[in-house]
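**Student:** Under the numbering used here, the first residue of the sequence shown is numbered 14, with each subsequent residue one higher.
Since the hints were derived computationally from the structure, they do not count as laboratory data.
All C-beta atoms, glycine included, are put in the ideal place defined by N, C-alpha and C.
Honestly, I wouldn't trust all of these hints.
[Claimed, not checked] Computed spacing ranges between beta-carbons, pair by pair:
1. P63 to C124: 34 to 44 Å
2. D142 to E36: 14 to 24 Å
3. E46 to E66: 18 to 28 Å
4. L53 to N106: 19 to 29 Å
5. K164 to V60: 11 to 21 Å
6. S65 to D122: 34 to 44 Å
7. P176 to P63: 10 to 20 Å
8. E38 to D114: 22 to 32 Å
9. T45 to K146: 30 to 40 Å
[Stated by the list, open to error] Below, simulated DSS-like cross-link-like pairs (lysine-lysine); rule was C-alpha separation at most 27 Å, straight line:
10. K180 to K164
11. K31 to K146
12. K29 to K93
13. K146 to K158
14. K162 to K151
15. K121 to K151
16. K179 to K50
17. K164 to K121
18. K164 to K151
19. K31 to K93
20. K50 to K164
21. K151 to K179
22. K158 to K179
23. K146 to K162
24. K180 to K50
25. K50 to K29
26. K121 to K158
27. K121 to K179
28. K180 to K121
29. K31 to K121
30. K179 to K162
31. K158 to K29
32. K162 to K50
33. K121 to K29
34. K29 to K146
35. K93 to K146
36. K146 to K164
37. K121 to K50
38. K164 to K179
39. K162 to K180
40. K31 to K50
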Amino acid sequence: MEDIHDRWPHRWITDKAKSSISEVEGLGVFATEPIRKDELVAIIGGVIVPCSEMPEYINLVCPAGIQLNEDYFIVPTTRKELEDTGVFNHSCNPNVGFSGDIQLVAMKDICPGEELAFDYAFNITLIEDLQCKCGYEKCREIITKDDWKIKDIQDRYGQYFSPYLKKRL
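Sequences are here, hints too, so could you generate the full structure?
**Tutor:** What follows is the structure, given as structure tokens:
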């Protein structure tokens with residue numbers, strides 16, 4: 014019997030984008046065809062890790078995942094899985110956001126060659142401060158686990174926050 018993960022992966026990314034080298038950080042996801050506003054671009058799957066074990070997961074695998082609630086994250090099963098299906102980098106001028114717990118949609122029309130990125134404030138509550146490299150003229154420069162609390166970010170992008178953070182607004 015074939016490995017079901019080869020046929021039905023934990024993560025899905027639109028055929029209109031691919032993983033490639035990013036000027037922002039390592040790998041990124043880039044549009045290869047036009048993507049329309051509200052179009053589904055990715056479904057983030059993986060394994061469930063308790064919040065208390067996320068530091069160990071980050072050390073063993075990678076600093077990635079979606080916080081589902083106070084107790085659990087959904088994370089890639091391996092670093093390779095994340096690299097194969099795409100690393101969504103941070104941008105202070107995002108073009109993708111959440112539609113439900115694990116779906117990412119285009120927040121605006123996206124042109125071929127454009128990097129797909131979301132603001133880590135949309136779902137991240139368990140990170141060390143990060144130096145932002147997005148290059149946006151209004152870049153926050155330092156990304157923190159509390160950026161989701163910034164009123165301006167809530168006002169502009171609140172509809173694209175993860176359901177977990179929407180409940181906390």
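**Student:** Evaluate each hint against the coordinates.
**Tutor:** Results of checking the hints against the structure:
{"no.": "1", "hint": "P63 to C124: 34 to 44 Å", "result": "40 Å, holds"}
{"no.": "2", "hint": "D142 to E36: 14 to 24 Å", "result": "21 Å, holds"}
{"no.": "3", "hint": "E46 to E66: 18 to 28 Å", "result": "39 Å, violated"}
{"no.": "4", "hint": "L53 to N106: 19 to 29 Å", "result": "21 Å, holds"}
{"no.": "5", "hint": "K164 to V60: 11 to 21 Å", "result": "35 Å, violated"}
{"no.": "6", "hint": "S65 to D122: 34 to 44 Å", "result": "41 Å, holds"}
{"no.": "7", "hint": "P176 to P63: 10 to 20 Å", "result": "19 Å, holds"}
{"no.": "8", "hint": "E38 to D114: 22 to 32 Å", "result": "24 Å, holds"}
{"no.": "9", "hint": "T45 to K146: 30 to 40 Å", "result": "23 Å, violated"}
{"no.": "10", "hint": "K180 to K164", "result": "15 Å, holds"}
{"no.": "11", "hint": "K31 to K146", "result": "21 Å, holds"}
{"no.": "12", "hint": "K29 to K93", "result": "20 Å, holds"}
{"no.": "13", "hint": "K146 to K158", "result": "17 Å, holds"}
{"no.": "14", "hint": "K162 to K151", "result": "17 Å, holds"}
{"no.": "15", "hint": "K121 to K151", "result": "18 Å, holds"}
{"no.": "16", "hint": "K179 to K50", "result": "21 Å, holds"}
{"no.": "17", "hint": "K164 to K121", "result": "21 Å, holds"}
{"no.": "18", "hint": "K164 to K151", "result": "15 Å, holds"}
{"no.": "19", "hint": "K31 to K93", "result": "14 Å, holds"}
{"no.": "20", "hint": "K50 to K164", "result": "24 Å, holds"}
{"no.": "21", "hint": "K151 to K179", "result": "24 Å, holds"}
{"no.": "22", "hint": "K158 to K179", "result": "15 Å, holds"}
{"no.": "23", "hint": "K146 to K162", "result": "21 Å, holds"}
{"no.": "24", "hint": "K180 to K50", "result": "24 Å, holds"}
{"no.": "25", "hint": "K50 to K29", "result": "13 Å, holds"}
{"no.": "26", "hint": "K121 to K158", "result": "25 Å, holds"}
{"no.": "27", "hint": "K121 to K179", "result": "20 Å, holds"}
{"no.": "28", "hint": "K180 to K121", "result": "24 Å, holds"}
{"no.": "29", "hint": "K31 to K121", "result": "18 Å, holds"}
{"no.": "30", "hint": "K179 to K162", "result": "11 Å, holds"}
{"no.": "31", "hint": "K158 to K29", "result": "31 Å, violated"}
{"no.": "32", "hint": "K162 to K50", "result": "25 Å, holds"}
{"no.": "33", "hint": "K121 to K29", "result": "15 Å, holds"}
{"no.": "34", "hint": "K29 to K146", "result": "25 Å, holds"}
{"no.": "35", "hint": "K93 to K146", "result": "23 Å, holds"}
{"no.": "36", "hint": "K146 to K164", "result": "22 Å, holds"}
{"no.": "37", "hint": "K121 to K50", "result": "4 Å, holds"}
{"no.": "38", "hint": "K164 to K179", "result": "13 Å, holds"}
{"no.": "39", "hint": "K162 to K180", "result": "12 Å, holds"}
{"no.": "40", "hint": "K31 to K50", "result": "18 Å, holds"}
Hints 3, 5, 9 and 31 from the earlier list are contradicted by this structure; the remaining hints agree with it.
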